[in-house]
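A.B. asks: For reference, the chains in residue letters:
Number of protein chains: 4
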Amino acid sequence: MNYIRESFARQKAMALIGASLSVVSAGKSEVSLPYRDELTQQKGFVHGGIIGMIADTACGYAAYSLMPASASLVTVEYKINILAPARGALVARGEVVKAGRTLTVARAEVYAQDGKHIATMQQTLMMLPDTADTPDP
Amino acid sequence: MNYIRESFARQKAMALIGASLSVVSAGKSEVSLPYRDELTQQKGFVHGGIIGMIADTACGYAAYSLMPASASLVTVEYKINILAPARGALVARGEVVKAGRTLTVARAEVYAQDGKHIATMQQTLMMLPDTADTPDP
Amino acid sequence: MNYIRESFARQKAMALIGASLSVVSAGKSEVSLPYRDELTQQKGFVHGGIIGMIADTACGYAAYSLMPASASLVTVEYKINILAPARGALVARGEVVKAGRTLTVARAEVYAQDGKHIATMQQTLMMLPDTADTPDP
Amino acid sequence: MNYIRESFARQKAMALIGASLSVVSAGKSEVSLPYRDELTQQKGFVHGGIIGMIADTACGYAAYSLMPASASLVTVEYKINILAPARGALVARGEVVKAGRTLTVARAEVYAQDGKHIATMQQTLMMLPDTADTPDP
Numbered sequence: 000m001n002y003i004r005e006s007f008a009r010q011k012a013m014a015l016i017g018a019s020l021s022v023v024s025a026g027k028s029e030v031s032l033p034y035r036d037e038l039t040q041q042k043g044f045v046h047g048g049i050i051g052m053i054a055d056t057a058c059g060y061a062a063y064s065l066m067p068a069s070a071s072l073v074t075v076e077y078k079i080n081i082l083a084p085a086r087g088a089l090v091a092r093g094e095v096v097k098a099g100r101t102l103t104v105a106r107a108e109v110y111a112q113d114g115k116h117i118a119t120m121q122q123t124l125m126m127l128p129d130t131a132d133t134p135d136p
Numbered sequence: 000m001n002y003i004r005e006s007f008a009r010q011k012a013m014a015l016i017g018a019s020l021s022v023v024s025a026g027k028s029e030v031s032l033p034y035r036d037e038l039t040q041q042k043g044f045v046h047g048g049i050i051g052m053i054a055d056t057a058c059g060y061a062a063y064s065l066m067p068a069s070a071s072l073v074t075v076e077y078k079i080n081i082l083a084p085a086r087g088a089l090v091a092r093g094e095v096v097k098a099g100r101t102l103t104v105a106r107a108e109v110y111a112q113d114g115k116h117i118a119t120m121q122q123t124l125m126m127l128p129d130t131a132d133t134p135d136p
Numbered sequence: 000m001n002y003i004r005e006s007f008a009r010q011k012a013m014a015l016i017g018a019s020l021s022v023v024s025a026g027k028s029e030v031s032l033p034y035r036d037e038l039t040q041q042k043g044f045v046h047g048g049i050i051g052m053i054a055d056t057a058c059g060y061a062a063y064s065l066m067p068a069s070a071s072l073v074t075v076e077y078k079i080n081i082l083a084p085a086r087g088a089l090v091a092r093g094e095v096v097k098a099g100r101t102l103t104v105a106r107a108e109v110y111a112q113d114g115k116h117i118a119t120m121q122q123t124l125m126m127l128p129d130t131a132d133t134p135d136p
Numbered sequence: 000m001n002y003i004r005e006s007f008a009r010q011k012a013m014a015l016i017g018a019s020l021s022v023v024s025a026g027k028s029e030v031s032l033p034y035r036d037e038l039t040q041q042k043g044f045v046h047g048g049i050i051g052m053i054a055d056t057a058c059g060y061a062a063y064s065l066m067p068a069s070a071s072l073v074t075v076e077y078k079i080n081i082l083a084p085a086r087g088a089l090v091a092r093g094e095v096v097k098a099g100r101t102l103t104v105a106r107a108e109v110y111a112q113d114g115k116h117i118a119t120m121q122q123t124l125m126m127l128p129d130t131a132d133t134p135d136p
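Top line first, the protein sequences correspond to chains X, F, P and B. If you use numbering that gives the first Met the number 0, the first sequence closes out at 136, no skipped numbers anywhere. If you use numbering that gives the first Met the number 0, the second sequence closes out at 136, no skipped numbers anywhere. If you use numbering that gives the first Met the number 0, the third sequence closes out at 136, no skipped numbers anywhere. If you use numbering that gives the first Met the number 0, the fourth sequence closes out at 136, no skipped numbers anywhere.
Excised from the complex, chain X in its bound form (with noise of 0.2 Å):
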């Protein structure tokens, strides 16, 4: 899963939320936010767009952990819900729910550490064959 791991290390919005990839197998993957004030909203509440972003990820990595390394993969769509407000560390637990040739669902599940439930997300994905994973030169 080297080529997974190498991806998320390129997605320089990750770093700057202080996300990691805490996790990935196939068809799974796990992405692991710690606390900071910076991403709040105005309660003081985890934005829910940084949820969202972490949802995605973890959906994304899901994915792209059952397709070659000489593909690429776009978001098509996402939902979420977002479930309970969170002002604490987030993990989010990414998982394939069918994948296809073209298309891949995913699905994620944002948990706080005390195992409560933030939010569930739906996507779809698209996989771009013999694609490079990596910014145009």
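Accuracy of the hints is not assured; some may be wrong.
[As the list claims (entries may be wrong)] List of simulated lysine to aspartate or glutamate pairs, DMTMM-like, C-alpha gap at most 20 Å:
#  : chain 1 : residue 1 : chain 2 : residue 2
1  : F       : Lys42     : X       : Glu5
2  : X       : Lys97     : P       : Glu108
3  : F       : Lys42     : X       : Asp135
4  : F       : Lys115    : B       : Glu94
5  : X       : Lys97     : P       : Asp113
6  : X       : Lys27     : X       : Glu5
7  : P       : Lys97     : X       : Glu108
8  : X       : Lys27     : X       : Glu108
9  : P       : Lys11     : B       : Glu37
10 : F       : Lys11     : X       : Glu37
11 : P       : Lys11     : P       : Glu37
12 : X       : Lys11     : X       : Asp132
13 : F       : Lys42     : X       : Asp129
14 : X       : Lys42     : F       : Asp129
15 : F       : Lys11     : F       : Glu29
16 : B       : Lys42     : P       : Asp129
17 : X       : Lys42     : F       : Asp132
18 : X       : Lys115    : P       : Glu94
19 : X       : Lys11     : F       : Glu37
20 : P       : Lys42     : B       : Asp129
21 : B       : Lys115    : B       : Glu94
22 : F       : Lys97     : F       : Glu29
23 : B       : Lys42     : P       : Asp132
24 : P       : Lys42     : B       : Asp132
25 : F       : Lys42     : X       : Asp132
26 : X       : Lys42     : F       : Glu5
27 : X       : Lys42     : F       : Asp135
28 : F       : Lys11     : X       : Asp36
29 : P       : Lys115    : X       : Glu94
30 : B       : Lys97     : F       : Asp113
31 : B       : Lys11     : P       : Asp36
32 : B       : Lys11     : B       : Glu29
33 : B       : Lys97     : B       : Glu108
34 : P       : Lys11     : P       : Asp132
35 : X       : Lys11     : X       : Asp135
By construction, these hints were calculated from the structure, which means they are not laboratory data. Owing to the predicted nature of the structure, the values given are computational and were not obtained by experimental measurement.
We have chain X already, so just place chains F, P and B on it with the hints.
C.D. replies: Relative to the frame of chain X, chains F, P and B by itself:
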């Protein structure tokens, strides 16, 4: 609309990504995001989760602009389609579709500076009447 | 769970498509749909909107099973991914993800008789306390 | 647009609920649904799944109208917000947001006869080039 601008100013996550509330009027809001390398995913495009963050926030303040300043609001859920990759400044325009007593439905369109349509979001929000929009003491 | 079965029995749209409430327990429900030519789209597969109907209903009764019989509920929104075409009997299994005071989030999986995963839905519902679940007089 | 009308005419599910394709032009379509008791849920309103069916179909034919007649298309996913209960005739207006090479994003608005906004849908579809839009022999 001072309570809107003050609420946005409390969103540390918006400062982290460099977004600003460029416009707000009754039922509408606009969030602007200059391009920075720190916002990118593995291929050098703006991260889909970052696009989601500004669309989420644009929907939220469009909705909040039709609520009393004594209320707070929470994002129930959102769904976003990414229509094209983006490697430049973005603007997210939020607009209320239906303002109900408890729930509001809003939409946001994200555009690049050349007018390219980058993403479209549909969102549900819930009003919490007589609730401070500031962190609990 | 008599109030659930009575509510389902009032759904004339379920009778129209031939669906039945095969199972209901706390936080779960199952809607069964025998195959009929009348349910198909242009290629002879079960219409995606029909698949949505049974998933929507399965989510709804899973949610309603955790509410008092004196309440009614409305569907706020749902999102469904169609994973595979279907040309046979279907079952939609609904399950509550989070039951809140006002809002409930539920999910449904739709399967074919051979166990094939046909669709997955994520749904938001709102409880209306002290509201009749019957037509207004 | 004959291939569109012929495709719609093969949708037995549309005949079952009594819906018709009232308008179709490049990138747009309109599905009309007269009110019938058989379409209702437990409170006598049009079933949310039925509303989803006509919105789904309106999106689909809006998308199909921009594709060659030699192609077929499948619904990848859709998300719908129900904005108000409905107890009368409905019309679903579908429109293409972005027509891509493989994927198309469309939207539909559902209105009651008095102009009330009943629902809004965002949908993703996939084109299958050189694929018959008729049942397999």
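A.B. asks: For which of the previously enumerated hints does the structure constitute a violation, in increasing order of number?
C.D. replies: Per hint list: zero violations.
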